[in-house]
Amino acid sequence: MTAPTLILALDFGVKKMGMALGNTLTADARPFDILAMDNGQPDWDNLLGIIEQWRIDVVVVGLPLNMDGTDSMLSKRAAKFARRLAHRLGERHLPVQVYMYDERLSSHEARMMAWERGWIKHERDPIDDVSACLLVDGYFNSPELARYVGSYHDNEQKGKD
1 MTAPTLILAL DFGVKKMGMA LGNTLTADAR PFDILAMDNG QPDWDNLLGI IEQWRIDVVV
61 VGLPLNMDGT DSMLSKRAAK FARRLAHRLG ERHLPVQVYM YDERLSSHEA RMMAWERGWI
121 KHERDPIDDV SACLLVDGYF NSPELARYVG SYHDNEQKGK D
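Mapping to UniProt numbering: the sequence shown position 61 is 61, numbers consecutive.
Since the hints were derived computationally from the structure, they do not count as laboratory data. If you're wondering where the values come from, they're calculated on a predicted model, not measured in any experiment. Be a bit skeptical, because a hint or two may be false.
[Said to hold, decoys possible] Distance ranges between label pairs, derived from CB positions:
(1) G49 to T5: 18 to 28 Å
(2) L25 to S142: 17 to 27 Å
(3) R124 to N46: 18 to 28 Å
(4) D33 to P95: 21 to 31 Å
(5) H122 to D154: 35 to 45 Å
(6) W115 to D154: 36 to 46 Å
(7) S142 to R30: 18 to 28 Å
(8) M73 to R124: 20 to 30 Å
(9) Q53 to T2: 14 to 24 Å
(10) E123 to R88: 31 to 41 Å
(11) E123 to P4: 28 to 38 Å
Virtual Cβ for every residue (Gly too), placed ideally from N, Cα, C.
Assemble the whole structure, with the sequences as input and the hints as a guide.
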C-alpha cells in the first residue's frame with residue numbers, strides 16, 4: 001500500500017490564484033485559499049512556505065487553453081509560472097512534482113457548483129479556490145491528461161548525465 005499523496009491545485013490568474021487541497025486517501029478536494037498575485041507573480045516565499053508546511057507531494061497548475069485546445073496568452077503565462085515553481089521547489093530541495101492540467105470551463109462549472117451549494121451569495125463572489133477543486137477532481141479522474149512540468153528529482157539528475 002502506498003502512502004497518501006497530498007495535492008495542491010492552483011487556479012492561476014494574473015490578479016489572484018485559487019488554491020485547493022486534495023489527497024489520494026479520500027480522493028476529494030476542498031477549497032484552501034485565494035492568493036493575491038502581482039501581474040501573475042505570487043509572493044513566492046509565502047507560496048513555497050505553504051507547500052513546505054503542508055508537505056505537498058504534487059502541485060497541479062491549471063492550464064487555461066482556448067476552447068479549441070490551443071494555447072492562449074494566459075496559458076503561456078501559466079506554463080511559465082509552473083516552470084518557475086518547479087525550479088524554485090528544486091532550489092529549496094523540496095521533492096514536489098509539478099503538473100499542468102487543462103482547466104477549460106472550470107470557472108463556469110465552479111461558479112454553478114458554488115452557487116448551488118451556497119458557498120457564494122453573489123454572482124461576482126470569488127470562486128478561484130472552487131475552480132482549483134475541479135482541477136484536483138480532474139487530476140484524480142484522468143491523471144493521464146496531466147502534463148508533467150518537473151520536480152526536484154529532475155534537477156538532481158541534470159548534473160549526472
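Status of the hints after comparison with the structure:
Between G49 and T5 the beta carbon distance is about 20 Å. The supplied range of 18 to 28 Å therefore holds. Checked against the hint of 17 to 27 Å, the pair L25 and S142 passes, with Cβ atoms roughly 19 Å apart. R124 and N46 have their C-beta atoms about 25 Å apart, which keeps the hinted 18 to 28 Å range intact. Here the CB-CB span from D33 to P95 is close to 23 Å, well matched to the stated 21 to 31 Å.
Judged by the Cβ atoms, the range 35 to 45 Å given for H122 and D154 holds: they are separated by roughly 43 Å. Distance hint for W115 and D154: a CB-CB separation of about 41 Å, consistent with the stated range 36 to 46 Å. At roughly 20 Å, the beta-carbon separation of S142 and R30 lies within the given 18 to 28 Å, and the hint holds. Taking 20 to 30 Å as the suggested C-beta distance range, the pair M73 and R124 conforms, at roughly 23 Å.
In this structure, Q53 and T2 meet the distance hint of 14 to 24 Å, their C-beta atoms being roughly 23 Å apart. At roughly 35 Å, the beta-carbon separation of E123 and R88 lies within the given 31 to 41 Å, and the hint holds. Range check, E123 to P4: Cβ separation about 36 Å, and the 28 to 38 Å hint holds.
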